[in-house]
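Residues per chain, in single letters:
Number of protein chains: 2
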Amino acid sequence: MKQNIYDNPIFHQSYINLREKGKGLNDVLEIPAFRSLLPDLHDKKVLDLGCGFGESCKWYVVNGAKCVVGVDISDKMITKAKQEFSDNRIEYVNQSIEDIELKPNNFDLVLSSLAFHYVVNFAKLVKRIYACVRPGGTLIFSQEHPVATAKKVSDGWVKDQNGKKVHWILDDYADEGIREQRWFIDGVIKYHRTLSTIMNTLIQTGFQIESVLEPTATVESEEKNESLKEERRRPPFLIVKAQKP
Amino acid sequence: MKQNIYDNPIFHQSYINLREKGKGLNDVLEIPAFRSLLPDLHDKKVLDLGCGFGESCKWYVVNGAKCVVGVDISDKMITKAKQEFSDNRIEYVNQSIEDIELKPNNFDLVLSSLAFHYVVNFAKLVKRIYACVRPGGTLIFSQEHPVATAKKVSDGWVKDQNGKKVHWILDDYADEGIREQRWFIDGVIKYHRTLSTIMNTLIQTGFQIESVLEPTATVESEEKNESLKEERRRPPFLIVKAQKP
Chain C
1 MKQNIYDNPI FHQSYINLRE KGKGLNDVLE IPAFRSLLPD LHDKKVLDLG CGFGESCKWY
61 VVNGAKCVVG VDISDKMITK AKQEFSDNRI EYVNQSIEDI ELKPNNFDLV LSSLAFHYVV
121 NFAKLVKRIY ACVRPGGTLI FSQEHPVATA KKVSDGWVKD QNGKKVHWIL DDYADEGIRE
181 QRWFIDGVIK YHRTLSTIMN TLIQTGFQIE SVLEPTATVE SEEKNESLKE ERRRPPFLIV
241 KAQKP
Chain P
1 MKQNIYDNPI FHQSYINLRE KGKGLNDVLE IPAFRSLLPD LHDKKVLDLG CGFGESCKWY
61 VVNGAKCVVG VDISDKMITK AKQEFSDNRI EYVNQSIEDI ELKPNNFDLV LSSLAFHYVV
121 NFAKLVKRIY ACVRPGGTLI FSQEHPVATA KKVSDGWVKD QNGKKVHWIL DDYADEGIRE
181 QRWFIDGVIK YHRTLSTIMN TLIQTGFQIE SVLEPTATVE SEEKNESLKE ERRRPPFLIV
241 KAQKP
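Protein sequences, first through last, are from chains C and P. Mapping of the first sequence onto UniProt numbering: position 72 corresponds to residue 72, and the numbering continues sequentially without gaps. Mapping of the second sequence onto UniProt numbering: position 146 corresponds to residue 146, and the numbering continues sequentially without gaps.
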């Protein structure tokens with residue numbers, strides 16, 4: 001059974017609150033950087049792995065995509081997507097991204113935002129993605145950065161008595177595998193993989209690396225929200241763009 | 001004036017002591033990983049940037065390279081190289097790797113071990129390397145890992161009262177530039193660049209990334225020397241292999 005925290009009622013509501021307020025790091029760091037890597041979407045067939053409540057699927061068709069298949073394991077998320085971001089060019093599929101059957105050489109673009117750190121078998125997923133992208137097509141994905149997932153018992157920042165962040169804790173980096181964290185609820189399972197594993201898995205599968213991002217906020221965002229400067233101190237996200245030759 | 005710490009008498013002697021005892025992390029982590037990426041050296045024209053005292057240049061010709069040009073800014077290092085690792089297939093050049101004139105499309109292999117973090121202008125260096133590698137040729141380089149160079153005032157490990165390592169300190173990651181450290185002597189200048197800058201500079205210059213390593217010691221080395229296990233806790237080195245198409 002694949003993990004499905006997004007259907008946990010407490011997690012689900014907390015996550016929706018975070019995203020609807022536009023306060024998550026997704027909104028100010030990850031989404032702008034991710035979208036900066038997108039090619040012209042016009043006439044593209046897009047697969048969105050871990051589409052959540054479908055906000056990005058809608059954005060892709062509004063910005064020119066011919067069609068989008070959005071896949072998510074969470075029934076609650078897919079239900080919300082169908083209610084709020086439906087479109088006749090979007091098909092929402094309630095399935096694990098690790099299990100869904102995909103037609104070979106079918107998509108121009110495979111996109112995945114902050115889902116791959118939930119996947120047990122990264123090599124298998126990358127192989128299946130490679131098979132379903134057409135030659136010349138592109139994979140763009142973001143995930144939590146390996147320096148953010150590394151530590152087994154995650155403490156994150158060392159803070160002083162006043163709650164000020166002193167530095168980020170890095171540990172257990174080379175020991176890949178399960179990381180259990182608290183994020184709204186206890187027992188959220190993520191998988192830590194090193195940067196070299198991520199890169200070499202893509203390359204050995206046949207992808208060519210086109211870009212690697214470790215996004216920081218824009219100066220404007222930092223001016224509006226001082227605390228975003230803290231995100232420069234360690235990279236929270238890794239975003240990779242790769243092409244199937 | 002390029003930094004030339006390896007000609008500082010105290011630094012030079014301390015470094016030689018470390019390397020001659022085979023006790024540096026170079027010997028147990030970096031060199032085995034670096035050499036694992038080498039193609040068949042037979043008949044290859046090799047450029048070794050930051051060759052130090054020439055041990056690797058000698059190793060490359062002994063293992064089949066047709067000829068090696070070894071470049072190092074340190075006069076003391078080049079003198080030692082000529083004394084101890086001379087060979088009629090090796091030419092040692094006492095010059096900065098940032099300044100040396102290089103013939104276009106001339107080398108099959110450009111190798112550089114733990115020198116690039118001393119270079120001010122990485123993009124310029126990569127462009128010059130790209131020009132001097134023949135099409136189909138390869139660049140392999142190692143450097144200190146970005147998580148090791150990141151913090152401006154480098155504390156390295158947090159240690160407890162007994163000197164036991166508690167965790168690695170990560171900070172200042174996105175703020176690239178000069179890092180002044182103590183390594184045998186005060187005032188050793190290194191340059192911190194993020195992983196994404198390193199990757200994107202290579203890709204935008206035209207290189208295709210072939211492999212990325214964050215080496216750990218072998219199980220045998222770790223059994224001989226328990227303290228090597230600590231190196232798994234954060235990656236000390238980054239090694240990249242890239243091809244000019």
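Please note that a few of the clues may not be correct.
Treat identical chains as interchangeable: a pair holds within one or across any two.
Quick list of in silico lysine-lysine cross-link-like pairs, DSS-like style, CA-CA up to 27 Å [what the hints assert, rightly or not]:
1) 152 - 164
2) 45 - 127
3) 45 - 103
4) 127 - 229
5) 103 - 224
6) 80 - 190
Just so you know, the hints here were simulated from the structure itself, not pulled from any lab data. Note that the coordinates shown come from a computational prediction; the quantities given were computed from them, not determined experimentally.
Results of checking the hints against the structure:
no.	hint	result
1	152 - 164	both (23 Å within a copy, 18 Å between copies)
2	45 - 127	within (19 Å within a copy, 36 Å between copies)
3	45 - 103	within (12 Å within a copy, 46 Å between copies)
4	127 - 229	neither (37 Å within a copy, 32 Å between copies)
5	103 - 224	neither (45 Å within a copy, 51 Å between copies)
6	80 - 190	within (24 Å within a copy, 51 Å between copies)
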